[in-house]
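With chain A fixed as given, assemble chains B and C onto it according to the hints.
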Amino acid sequence: MQPGLYHILFISAALFFIGVYGFLTRRNLITMLMSIELILNSVNLNFIAFNKYLWPHKMDGLFFTLFIIAIAAAEAAVAIAIIINLYRSHNSINVENAEELKY
Amino acid sequence: MPSIVYILIPLLPFAGFVLLGLFGRKYFKNASGWIGTFLMLVSFILALYVAYDYFVNTSTFPKHIPVKYVWLKFSDTLSIDMGILQDPISMMMIVVVTFISLMVHIYSLGYMKGEERYATYYSFLSLFTFSMLGLVLASNLFQTYIFWELVGVSSFLLIGYYYDKPSAVAAAKKAFIVTRFADLGFLIGILIIANASNTLDFNTLIASLTSPGSGQAQSAAASSFLGLSALTWGTALIFIGGAGKSAMFPLHIWLPDAMEGPTPVSALIHAATMVVAGVYLVARLFPVFSINTPGVLDIVGWVGAISAIFAAIIACTQTDIKRVLAYSTMSQIGYMMFALGVAGYGGESGLGYTASMFHLFTHAMFKALLFLGAGVVIHYVHSNDMKDMGGLRKKMPVTHITFLIACLAIAGIPPFAGFFSKEEILLAAYNGNTIIYWIALVTSGLTAFYMFRLYFNIFWNKPYQTEHHSEHKSEGGWIMLFPLLVLALGAAGSGFIPFGKYVNSDGNPLETHFHLQFSILPVALGLAGIFMAMWLYKKQNNRPEKFAASLNGFYKAAYHKFYIDEIWLFITKKIIFNLIGRPAAWFDKNVVDGLVNLVGNTTTSVSEVIKKLQSGRVQQYAIYFLFGAIGLAILFIYIWK
Amino acid sequence: MNLLLIILAPLLTALAVLACRNKEQVKWTALAGSLAQLMIAFLLYFAFRQEKEANESVQMLFQQDYALFKNPNIHFHIGVDGISVAMILLTAFVVIAGVLVSWNIEKMTKEFYFLLILLALGAYGFFISLDLFVLFFFLEISVIPKYLLIGIWGSGRKEYSANKLALMLMGGSALILVGILGLYFTAGRTFDILQIANTTIVAENQNYIFPLLFAGFGVFTALFPLHTWVPDGHSSAPTAGSMFLAGISMKLGGYGCLRVAAYLLPDGMKEYANIIIVLSAIAILYGAFATMMQKDLKYINAYSSISHVGFSLLGIAMLTQTAVTGAVMQMISHGLMTALFFAVIGMIYDRTHTRMVAEMGGLMKMLPFISTVFFIVGLCSLGLPGLSGFVAEMTVFMGSWENTGAFYKIATIAAAMSIVVTAVYILRAIGQTVMGPVKNESYLSLKDARWNEKLAAIILLAGILAIGVAPGWLNDLLRPETGHFMHKILGIK
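Top to bottom, those sequences are chains A, B and C.
First residue of the first sequence: 34, per my numbering; consecutive thereafter.
First residue of the second sequence: 3, per my numbering; consecutive thereafter.
First residue of the third sequence: 193, per my numbering; consecutive thereafter.
Okay, chain A solo, but in the shape it has when bound (with noise of 0.2 Å):
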């Protein structure tokens, strides 16, 4: 069977909703950025699907994708900067120990 449309859409689905619960519930910092990393995907793996199977002329979809995984990558590393720093200073990379910022 060839896969369809429908297919891939269900994964990015299953991927997005996998890294919404990652982010949520896990405590740490790095595995939170990596739930960041699969709902970037799922985006990505989304522009590919519709540009292959609806406008499969035109090349939006592919830019679209570049572009999310260059700033992907750079967003990956403000966030380890940041998280590095968090640990030289709270000596964790906990999310929870990180709650100054309120009120």
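The hints are simulated quantities; they were obtained by calculation from the structure and are not laboratory data.
Please read these numbers as outputs of a predicted model, since none were measured by experiment.
Every residue, glycine too, gets a C-beta built ideally from N, C-alpha and C.
There are no misleading hints in this set.
Residues of chain C placed beyond 10 Å of chain B at every Cβ, according to the derived structure: (1) L200; (2) L204; (3) F234; (4) R241; (5) M252; (6) S365; (7) K462.
Distance condition first, Cα-Cα at most 25 Å in a straight line; then the derived SDA-like pairs of lysine to any residue: (8) K262/C - L386/C; (9) K167/B - M558/C; (10) K614/B - L119/A; (11) K135/A - Y623/B; (12) K135/A - I612/B; (13) K614/B - N127/A; (14) K503/B - D55/B; (15) K28/B - K639/C.
Frame of chain A; chains B and C shown alone:
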């Protein structure tokens, strides 16, 4: 005559006030008495000159305004002016005021000698004299009110002269507040009258209201409130102002307490001049009272009569000599008031008016004399209580004689001054209102009794114990006795002035004649009073106690001044303070302020709840975000299609 | 005369104060600056009288107009009439007295004087601006320094009071802003007072804009239910702060009620006049009765301020020329009087370290100068003739009584009753503090007023006496203007 002469009469004392008030303490401490007295002397001479010029050189005694300055303008016709009004009563009053004031100034040179605030005392005296002169010379109703308030505050200052004595402060406060309460009536009365006649100038005001068929009078009579015409309200309220200042029942409570001031002050303010301001005010507006609102004039008569007998009864029981004199003052002012009350406008029926002014004049003489005499006694004995006195006639012969003259004058024994004025008043009352006449007659008997009770208690009765206060050998020196002698001359002789010729209700000379038959009854009553007092008090005995005991409850009530003070105290302390003041303060602190704080507290507590959302947990925010996004998606997709 | 001088003088003073190096310099600079302001105010008065005589029909003199923005249409438009001139004189008097009284401020002297002068700048600008936006701008300038003055230099519950005052005044400002915007849009997109005065605004619109503006300015001038910042604010503020607050700031409100609310919205004014009369009559009596129960001198004066300011609102709402004249007189008189009152209370507090009436007594013995001034200002407060309070109150009464109808008469009588209550509380305060026996032995060594305090008291007393003894000049200054107001509001010649 140049107008500066008129202006200088009140302005010289004012200059004294400013000069002594600002620089007296520092620069001329001991000279300040002489400076004040000298300025007063000049003022008196000028007043005498002006009055002489007026009474001798004008034959018809017109109401004449030589000086006028627009002080505050409300509209073309309505303005507060500072002016000088010349008419018989104002001319008589400036002579009385400057004369008594001069006497008191001289007397105080001895009496107040060595006081720490000597200069201040003289500056206050000058302020009072200035205000009183401004009051009697006023050409404008509002000007009267202005100086009315100023005499009030001078009285406050002088009563509270011994400011570190709580009783003096309390008395000063009481005097000011009670008269202020009455002045509220005066003020509203002025507003009504000004509104009705559209002017504040006395001459125009009286002319426009009293001329028959004038528009103002008709419209003022037509507009009414609670069934009484505007003008009736106006004059009645003005009379309340006058009653307050003149210590008429039931606003008299401040006068006896006012005796806390130095005795010369009592003589000047609370006997001879300021307290008669109420009488003067009614006399000033007499045509309006008499022609437009005779009903109010009846009230004036009754209030006067009740005050006269009421005060006379209380005076019989008091032992503080200044308080006796204070009640006697109230009683005599009652005489003047009801004399006005029973008078009519014009001709023979205007006798009451003449009599009232005449009594004002003679009363100023003998009452000032009594007070100054009492001052000498107090100075000598160092006590106000007649129980500490007795047998002083040998120690102070001059005081004794002058005091006796004054007592005879006030008791209405011929040929002393009081006899003439009292006879006129009684005659006017006889013609006007028989009940008031009988009240007056009884009062005149009581007057003789309590005055001679005072006289015998001070100068006879028990022999004076010389062992204490032996440092005082003299009566206070000639500087204090001179005013007594001058005033004694006035008390003895001023009755012979043909007053009706000069002072009368409508400007036509009034012949006053005496009927011998008419005079018999009052003089006999007076003599009876004197003999009664002699029997009870000339020698030390136990008759007074027995007599008082036989009257029992009535004596007690009179001794406690019929509890009027307590009633007022109840009204102010209990009712006004507790039922109005306290709730108002409570309301402000709790309700008004509480509402504002409630707004603040509500805001705080709401934000206290809301701030929990800002927990600092990233994942919580993500959940809000997620559900928010889902919610919005549902909203946009299914509900707001 | 160039009106810019009026705001340049305080502005330069404020800047000069900032540039000073030490406390002495700060004080003398501030004093010189306020003296210059006083002189300029006098110059303005005489120039105004002269100019007014030449062209009587012109309402606003010395006008200057600079366009600031095209859209919204904001102009820097300034000009004065008699009322503004009187207010500027009052401000100048209070400012110099306030500067003198604060001579011994030790904490952050420079900032203190800077804020004082800034407050004055706001008031001066407020009184001369003829453009609602600029007027609002200056009003706000005069609000913020108060918060700091109370919060930093205050006493007692100063944080609470500063918050309360600033928040309530800001609330008032918000109402004013909405009202001003309402005027802007209903009067054809202009903030200019003179232009708005010439356009007719539909009565319906007036009826909803008027309460906003009047209540907004009412907060500033302690309109009855909105007065509650007054007691706390005054009692916590430093002496000069109280003086400025009561002497100047409360007058901004009264002036605004008259110049903006009543003048620009005549129909609204007539519609709400009776309500305002009732509220101000309540304020007068209620304030007086509440004062009777106070034990702290500053609270006594604060509550009595509520009562006295009620007279000026009553006068405005009575809508007769005499009453409105009296209302403005009352603002001036109360400004001088209450500033002096607070100054004296400050002087007493500096020495006895208490403001409780019951703890003092017999101060006349040790502090004759201060006590005498206290006495005189008390007499002014209870309306003694010869002092300014009497003139103002009597003018209000005379004007109020001109109205026919029992309602007005009863309101006037109610207001007049306060003169008795005033006498009660003033004499109680005087009797217990200045007179009576000395209760505290340590007071016997107190020293009387220093030169700066004497000067401050004399300056304010001079103002009080100038109005009280010869009120003619003030009456002549104000009467043509109030006549103009009445013409506009009642539509009569």
